[in-house]
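**Student:** Protein chains in written order, with full-length UniProt numbering: chain A, 1 to 466; chain B, 1 to 466; chain C, 1 to 466.
None of these hints come from the bench; they were simulated from the model. It should be emphasised that the depicted structure is a prediction, and the values quoted were computed from it without experimental measurement. Mixed in with the good hints, there may be bad ones.
Just so you know, same-sequence chains aren't split out, so a pair can sit in one copy or run between any two.
[As the list claims (entries may be wrong)] Straight line, CA to CA, 27 Å or less: simulated DSSO-like cross-link-like pairs of lysine-lysine: (1) K282 - K216; (2) K125 - K282; (3) K382 - K51; (4) K10 - K216; (5) K284 - K425; (6) K284 - K216; (7) K377 - K122; (8) K377 - K51; (9) K51 - K122; (10) K377 - K125; (11) K10 - K281; (12) K216 - K425; (13) K216 - K281; (14) K125 - K284; (15) K281 - K425; (16) K281 - K125; (17) K10 - K425; (18) K425 - K282; (19) K125 - K51.
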Amino acid sequence: RDRERQGMAKNTNMRWRLPLVCLLWELAMIVLFGVFVRFGAEADAHWEEEKRDMNLTSDMENDFYFRYPSFQDVHVMIFVGFGFLMTFLKRYGFGAVGFNFLLAAFGIQWALLMQGWFHSFKDGKILIGVENLINADFCVGSVCIAFGAILGKTSPIQLLVMTLFQVTLFSVNEYILLNLLHVKDAGGSMTIHTFGAYFGLTVTRILYRPNLEQSKDKQGSVYHSDLFAMIGTLYLWMYWPSFNSAISDHGDAQHRSAINTYCSLAACVLTTMAFSSMLQKKGKLDMVHIQNATLAGGVAVGTSAEMMLTPYGSLIVGSISGIVSTLGYVYFTPFLESRLHIQDTCGIHNLHAMPGLIGGIVGAITAAAATEDVYGKEGFIKAFDFTGVYQTRTPSMQGSFQAAGIVVSLLMAFAGGAIVGGILKLPIWGDAAAENCFEDGIYWEVPEDEESDVYHMHNPDKPASP
Amino acid sequence: RDRERQGMAKNTNMRWRLPLVCLLWELAMIVLFGVFVRFGAEADAHWEEEKRDMNLTSDMENDFYFRYPSFQDVHVMIFVGFGFLMTFLKRYGFGAVGFNFLLAAFGIQWALLMQGWFHSFKDGKILIGVENLINADFCVGSVCIAFGAILGKTSPIQLLVMTLFQVTLFSVNEYILLNLLHVKDAGGSMTIHTFGAYFGLTVTRILYRPNLEQSKDKQGSVYHSDLFAMIGTLYLWMYWPSFNSAISDHGDAQHRSAINTYCSLAACVLTTMAFSSMLQKKGKLDMVHIQNATLAGGVAVGTSAEMMLTPYGSLIVGSISGIVSTLGYVYFTPFLESRLHIQDTCGIHNLHAMPGLIGGIVGAITAAAATEDVYGKEGFIKAFDFTGVYQTRTPSMQGSFQAAGIVVSLLMAFAGGAIVGGILKLPIWGDAAAENCFEDGIYWEVPEDEESDVYHMHNPDKPASP
Amino acid sequence: RDRERQGMAKNTNMRWRLPLVCLLWELAMIVLFGVFVRFGAEADAHWEEEKRDMNLTSDMENDFYFRYPSFQDVHVMIFVGFGFLMTFLKRYGFGAVGFNFLLAAFGIQWALLMQGWFHSFKDGKILIGVENLINADFCVGSVCIAFGAILGKTSPIQLLVMTLFQVTLFSVNEYILLNLLHVKDAGGSMTIHTFGAYFGLTVTRILYRPNLEQSKDKQGSVYHSDLFAMIGTLYLWMYWPSFNSAISDHGDAQHRSAINTYCSLAACVLTTMAFSSMLQKKGKLDMVHIQNATLAGGVAVGTSAEMMLTPYGSLIVGSISGIVSTLGYVYFTPFLESRLHIQDTCGIHNLHAMPGLIGGIVGAITAAAATEDVYGKEGFIKAFDFTGVYQTRTPSMQGSFQAAGIVVSLLMAFAGGAIVGGILKLPIWGDAAAENCFEDGIYWEVPEDEESDVYHMHNPDKPASP
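So here's chain A without its partners, still in its complex pose:
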């Protein structure tokens, strides 16, 4: 039959293609790192001299101690958080964790370079420190988000290609926002979530598979795969305060960021549970909502958490985003698929796109509403970096620039996603046929795990598996 022929026609053998891409790109990384990347002053063995020059009395003043604990939390979010969040599919756990691992490991190297050229370039060298590591993880976070939309439908090579381009575009967009528009976005509502999600949605739209219902039996979860996914959810949820505060200014800004995020996330859980139950006939809770919509509160304060959003403001934002996200899963995702042909495996539109937009808007409003009274004279200038050429900027101007940042991120996402989607559509990357989607067996050696063999080992009639 047609379907079978199509299936047959697809060559998913990665044997030479994947190694070639991995090895060539790693070689490129080595060369580029060799030419460009060096230790920043705080990681260089000349630190003792630096300390003297800067009049620092203690090693504690090294940025490492301000940011390393948050870095490790962010690191866990990227690799365990995103990785395990996506293991909810019954037969795509290896792909979820494994491909996330692969693309993130490549992405952080490329991001160190790209972001380095834009932000840490000095005398022909990129000087890196712990903040660069955090930013590289952040950048890759946006790729992990986009991965969520195409999960199960793409080959590892496609993911690597997407990573290469998305990291590049991310860095350009980030540069426009942070440097040209002088926008604040420490937790990345715009740069990471809005950009990453709409980029991924555009890609998956371009890669639309009309026959995807052929693998519908594999699109659900099983009991234990839902528990694995909860590991991802909880680590994202717990460490999100670190995510939003990781690159904020030392002192009060990091402190405030963590508190706002903590509050927003707590509120988000309650409204998510409420709407998950309310929208089901029998009032039962849906694991998909608990695994995802509970996190929207972290996304939605990504821009404003380091500002004086206040704890109750955070509760409001968190509550709203939980509601919006859960409604999205129930009503919006089916609509996107049937009407707009956007097949969004993990529902990133609900978890990242809409809450990301909320985050950008809340950030713009919070910035526009800032006053010297609330921030203190010095605090006001410090919070928004109103120094140098920006010392005449007013809160309302800042709010407008923040809003412009949302628009730029959206445009970059749509344009970039369209181009990259087009590239990924080329028939050379080894993606699977529709009926083989969401199936680890295509790209992984999967244990022939008749669990029955294990659990019924006493059964003498059954031959043991090899």
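Chain A is fixed; fit chains B and C onto it per the hints.
**Tutor:** Leaving out everything else, chains B and C in the frame of chain A:
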């Protein structure tokens, strides 16, 4: 039959009740936060001025850097630790992780308010910082403990109602202990564990279900659910040094607390393994003991860890608590159920109640035994806050007050548990019939996961699940 | 038949032996801690005086704040990282996590003593602080590595006996390297990985089981056990920067160590994926490689991470180690088993032994290549501790001593492993017969978990399990 009628009669549909409770309470939180909660000086944008006023030379002096890493560890313990520890049941993993998530997310908000009114209230506002977040997590920890006793037998609304009351009572009890009795309890042997466990045990006594053997087939574990539970166990075990040191004084007290807890927990593992093997005919180890009793060492030094308990003292306390806890699982839990009608799903009597009492007593003894010689003159005053009205307090007086703290915690737990148990007994909260206990399907949409479908996908005769 | 008789003859009942060993050894720990172990100055209540004497102006100068976050990461690596990494076997998850827990909990106590006598002994007392906790975890890490070689084939008593001896030998070896040879090895390429792996390989050689194919059906993984193992992998991978930087000098050295390790690990993932795909006919990825070889990059920069290896140097080392490790799994492990009779359950030869050697060699080269130009005059002296009797040491001398450190570690591992293997071969420790290897049921109460009961609960003909 009778049983069926009873089952039928129970209305477990959460559709309007759960959303109503969640949304109304979240609304209340927003209003109360709006009226009361503001950033403390170290999280406020006025920090630059504060720094000048306090003559602080570095942002590092912000309490955020002293406590945030410990906070994150505690956060993991509450959400992943307690959540996954309770996934050992074969069919209650969603409820264990999910309801723990729900009650803790609500509880931390309410705790920020309750504890704020008692401890951080200034000029009509509650001023919060990272220490408040830790304390809120601590407070919720006591609810997670109580949850362990009623796991699988209660509706999510009952859990939210219990959380509301328990957080309130916890805060009152904590105020009496810390402020009125001037008791030391940084790791919460009394305030968290003794109070939380006896509260939960009283509640489960009141909610006694005579027909619970009807769901006996679901009260056990399966192979992989035991591994999920070990995730919870290990995170509790590993991060317990952070738990006991999180709110200790800066410097030596935090340092000492972590060391004592590390030692106590290490010893506890060995005695638990020893008794687990010894008490089984064939000498086989029991996962229930390993999952739980290994943690008793953390509970049992909760009060004394920040004192000069010394490493060998910690080993002794840890060793004893492991033995007591394991014996409890083997002999005490069956006794409690059959004789006292206390159905303690997770065995919190063994993991939190008895070790909590040990912890309170060890704390009283360690305090009573304190001398200026051991602590140093300044260290002695600092360790016990013997300043102001307390400067005449002697170690033996302190020991007595510590002992009084145990008694107060017990009384509060029994009285509070009885009242709250009575409230939870009302037939309006949607709890399940006895034969439906320990079954996620009542409150959760559970995937129809014939794993067989997954593992035998090659079988052409079997129709694919939808 | 013969095989059955052999099986029958083995007495694996732990009832009195395991408790006896655990309790006696814990008692010994208590006595030895009582005699020797006290708090170091930074954890002692006299800290206020110490601070004054040392002219420290802030509690932040307490070593606790420099190292505690890294300590917790290392702690997670030992208990969750190693524990879950070894859960890949379909029926040995309890043993993997549980025995790792047991041996590590004992090992850290004994290591505090052994390392304390060598490194923290003052006026007849061992003075401990957070750095001692890290070092104890490190020491136990080498035992966890050795455990990987004999996983599934040994009784818990054998593991405890091995731990006792290995910790002792580790400490002697470490003393020779760090104190006598004045070698740098902050991340333990030599002391932890090379020593631990070759020790374990020697032990498993001595314990060679010719009939191990009798339990071959249990030597593989099942789908979900591979996902549990990925939890271990990712936590090891993510926290490895903390591992390699945990005990480096304050400031730039810790900072640099983390960056180098981050880079090396990222590169390692790409080359591992490349070779895993390349070496399989159909180009499919093998979970065994992803779970293990991706970590080789952390091992291979263990010695040099705190040196000026540079980010691109780290990429090179990481790339090579991923290749070597993956090749090892495909070609070397079968060779070791069939020709040298080394049965290496987890493939520690590929993950720790070879990368450990690479790490030692890279360390020697990096040290030998050090110049004052690269490190700065002060940085050079500080990085290699070229003070006191070592102030005349040149980089090339240091390189030679580093190389000598590899040789010493190897000799200690072979000699020690041979002796300890001989001891473990005594027929008194209760190890299982060949056909019962890799089976939790021997030492654990395993739930009779016909998952079928759970998943087919609707089936009325099936009796419920108790």
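**Student:** Against each hint, give a clear statement of whether it holds in the structure.
**Tutor:** Taking the hints in turn, this is what the structure says about them:
With identical chains, the CA atoms of K282 and K216 are at most 27 Å apart both within one copy (24 Å) and between copies (25 Å). In the homo-oligomer, the alpha carbons of K125 and K282 never lie at most 27 Å apart, since the shortest distance is 61 Å inside one protomer and 42 Å across protomers. Taking the shortest alpha-carbon separations for K382 and K51, both the intra-copy value of 24 Å and the inter-copy value of 14 Å come in at or below 27 Å. In the homo-oligomer, the alpha carbons of K10 and K216 lie at most 27 Å apart inside one protomer (19 Å), although the nearest pairing across protomers, at 35 Å, exceeds that limit.
Taking identical chains as interchangeable, the C-alpha atoms of K284 and K425 lie at most 27 Å apart only when they sit on different chains, with a minimum of 22 Å there against 40 Å within one chain. Taking CA atoms no more than 27 Å apart as the test, K284 paired with K216 passes in both settings, with 23 Å inside one copy and 23 Å between copies. In this assembly of identical chains, the alpha carbons of K377 and K122 lie at most 27 Å apart only when taken from different copies (23 Å versus 32 Å within one copy). In this assembly of identical chains, the alpha carbons of K377 and K51 lie at most 27 Å apart only when taken from different copies (14 Å versus 30 Å within one copy).
With identical chains, the CA atoms of K51 and K122 are at most 27 Å apart within one copy only, with a shortest distance of 19 Å there and 32 Å across copies. In the homo-oligomer, the alpha carbons of K377 and K125 lie at most 27 Å apart only across protomers (22 Å), although the nearest pairing inside one protomer, at 36 Å, exceeds that limit. For the homomeric pair K10 and K281, the shortest alpha-carbon distance between copies (17 Å) is at most 27 Å, but the shortest distance inside one copy (42 Å) is not. Proximity of K216 and K425 under a CA criterion of 27 Å is satisfied intra-copy only: 22 Å inside one chain copy versus 44 Å between copies.
In this assembly of identical chains, K216 and K281 lie within 27 Å of each other by CA distance solely inside one copy; the values are 23 Å within and 29 Å between copies. In the homo-oligomer, the alpha carbons of K125 and K284 never lie at most 27 Å apart, since the shortest distance is 57 Å inside one protomer and 39 Å across protomers. When the C-alpha separation of K281 and K425 is checked against a cutoff of 27 Å, the pair qualifies only between copies, where the shortest distance is 26 Å, while the shortest distance within a copy is 40 Å. In this homomeric assembly, K281 and K125 never come within 27 Å of each other (Cα to Cα): the closest approach is 60 Å inside a single copy and 42 Å across copies.
In this homomeric assembly, K10 and K425 come within 27 Å of each other (Cα to Cα) only inside a single copy, at 13 Å, whereas the closest approach across copies is 54 Å. For the identical chains of this complex, K425 and K282 are inter-copy neighbours only, at 23 Å across copies versus 42 Å inside a copy, given an alpha-carbon limit of 27 Å. Taking the shortest alpha-carbon separations for K125 and K51, only the intra-copy value of 21 Å comes in at or below 27 Å, while the best inter-copy value is 36 Å.
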